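Peer 1: Take a look at the letters that make up each chain.
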Amino acid sequence: MPQLIVTTAKGETHVLEAESGITAMMAIRDAGLEGLLALCGGVCSCATCHVHVDPASQSLLDEMSEDENELLDGSLRRNEHSRLSCQILITPARDGLRLTIADED
Amino acid sequence: MLDLVDRDYFTDHSILLDPYEYFEALREKGPIYRLPGRDIFMVTGFAESLEVLANTVEFSSVVCVGGPAAQMPFTPQGDDLTPQIEEHRTSFVGGDYLVARDDKAHTNSRALLSRLFMPSRLKANETYMTGLADGLIKGAVARGGVELITEIAVPFATLVIADLLGVPPDDRDHFMGVLAAGPPAGALDADDDAERPHPMEVMAGYFVNYLIDRKQNPRADVLTELATASYPDGTTPDVAELVRLSTFLFGAGQDTTAKLLGNAMRFLIEVPGLQAQLRADPSLLGAFLEEVLRLEGSTKMTSRIARKATTVGGVEIPVGTKVMVALAAANRDPRRWENPGAFVLNRPRIKENLAFGRGAHVCIGNPLARAEARIVFEKLFEHSSHVDFDAAAHGKPGNLKLDYEPSFIIRGLEKMQLTLTPR
Chain A
0 MPQLIVTTAK GETHVLEAES GITAMMAIRD AGLEGLLALC GGVCSCATCH
50 VHVDPASQSL LDEMSEDENE LLDGSLRRNE HSRLSCQILI TPARDGLRLT
100 IADED
Chain B
0 MLDLVDRDYF TDHSILLDPY EYFEALREKG PIYRLPGRDI FMVTGFAESL
50 EVLANTVEFS SVVCVGGPAA QMPFTPQGDD LTPQIEEHRT SFVGGDYLVA
100 RDDKAHTNSR ALLSRLFMPS RLKANETYMT GLADGLIKGA VARGGVELIT
150 EIAVPFATLV IADLLGVPPD DRDHFMGVLA AGPPAGALDA DDDAERPHPM
200 EVMAGYFVNY LIDRKQNPRA DVLTELATAS YPDGTTPDVA ELVRLSTFLF
250 GAGQDTTAKL LGNAMRFLIE VPGLQAQLRA DPSLLGAFLE EVLRLEGSTK
300 MTSRIARKAT TVGGVEIPVG TKVMVALAAA NRDPRRWENP GAFVLNRPRI
350 KENLAFGRGA HVCIGNPLAR AEARIVFEKL FEHSSHVDFD AAAHGKPGNL
400 KLDYEPSFII RGLEKMQLTL TPR
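Just so you know, the sequences run in chain order A and B. Reminder that position 16 of the first sequence reads as 15 in numbering that gives the first Met the number 0, one-by-one numbering, no gaps. Reminder that position 203 of the second sequence reads as 202 in numbering that gives the first Met the number 0, one-by-one numbering, no gaps.
Treat each hint with caution, since some may be false.
[Claimed, not checked] Which residues of chain A face chain B? A few of them, derived with a C-beta cut under 10 Å, are:
1. D29
2. G31
3. L36
4. A37
5. T47
6. L70
7. L88
8. I89
[Stated by the list, open to error] On the chain A side, residues computed to face chain B include the following (Cβ under 10 Å):
9. T22
10. M25
11. R28
12. L38
13. C39
14. G40
15. G41
16. C43
17. S64
18. E65
19. D66
20. E69
21. C85
22. E103
Simulated from the structure, these hints should not be mistaken for lab results. As the structure is a computational prediction, the values presented were derived from the model and not from experiment. Note that CB positions come from ideal geometry on N, CA and C, so glycine has one too.
Only chain A is shown next, with the shape it has when bound in the complex (with noise of 0.2 Å):
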């Protein structure tokens, strides 16, 4: 299975085992890792499931959505390397993906 790393808000570092089809907000959510609400469960509409994405990882993502560009410019921690992890698909070609839970706005 591919590996996700995740580094939570408070610093803590995760690998975690991410089966293919799932999205990253999933596979972060059912590990139980602390800070992400995704409150609206996975269709882009609230951005509680905001998180930066390690600059080496980058060109392992596709290009975002309006959908998604919109719901980030409205939290006040978007930066360049944000993303929603509902968004993000796992596959095997994104195995080693790093990502860190955004705080919360």
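Please arrange chain B on chain A, whose structure you already have, making use of the hints.
Peer 2: Showing chain B alone in chain A's frame:
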């Protein structure tokens, strides 16, 4: 006379009018409490509810449509019930609905539907919603009053889902009639008309034809997207599965939204000064609806079965026992919400209320429901200057006669007769 806490939540009609009093009696027994002599734990704590909802490994959702008091279709054996649950899944009431599925079957089906609720999709749907609400409310104001639930809320919620799913306009009225004649989810009284086909079955017949048609003649609508969609792993669902998902969405989004509109209207009328405040500043509608969702969401509870032994809030939950998560009680847990019974606009972190659940099974239509309610109230404010209960139907304030739907799941009024003053 039984103590309140000893009454049977699943069959007792007296708890319908005020389930909150019963939930508070339960809460006094602790945030998680086993009903004496039964295999059911009642969870009223916010943190404990989150714990249950987050634990999809040890809990199964298979019991959530029929409820925790329903007869089990098998005698639990062993320390992991997963194989038995899957073998008997279709023998549970609604056991194969999306809301009741577990693990990969749930993840896959949910992924198919997720795209329907993206903001860009909802924006497209919003044009229809706005026009529909405008027409319904304008007509009601012109008549000077309306029965909110059956004349506005149900048709509105039903037609919005119909539009989202691409149901042809000619079939929409028929669907509304079928749904209106069916029993509510979690009905307290057994359906006395077992010969009548279940509304979902009637609708399924239509959806089979739609989906086969869209496979052959794709067009720009949701039914085409569903008909041609594949699971995240690249495999494709069969038509029967797509039919189940479409009809489920139709059924799940109708009654709950309609009841939410009624519950919200009650607060608007009854909280002193609130109507004037929201009319003066409709930008507060979002905050208003979140507080309504917290205090009186349209889903009172959900339930799980422990497929493995586990713990919740430090309490041991034996394998095979059921847990009822009283969402309505968690939303009034004083450990989480200051002065929980009070209506307060803009509470800190109000969006974390559990009206739509949380975690893997959180209501997928929650952004749609929020948009629908907002639009109805925007139109109400646009076309009327005041709304009130019709005293002829409900009596005087302070002694209102209101009938809640007999369901252990759904919280909402059967009827709400309103008077509307034009602007």
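Peer 1: List in ascending order the numbers of the hints, as given earlier, that are violated by the structure.
Peer 2: none
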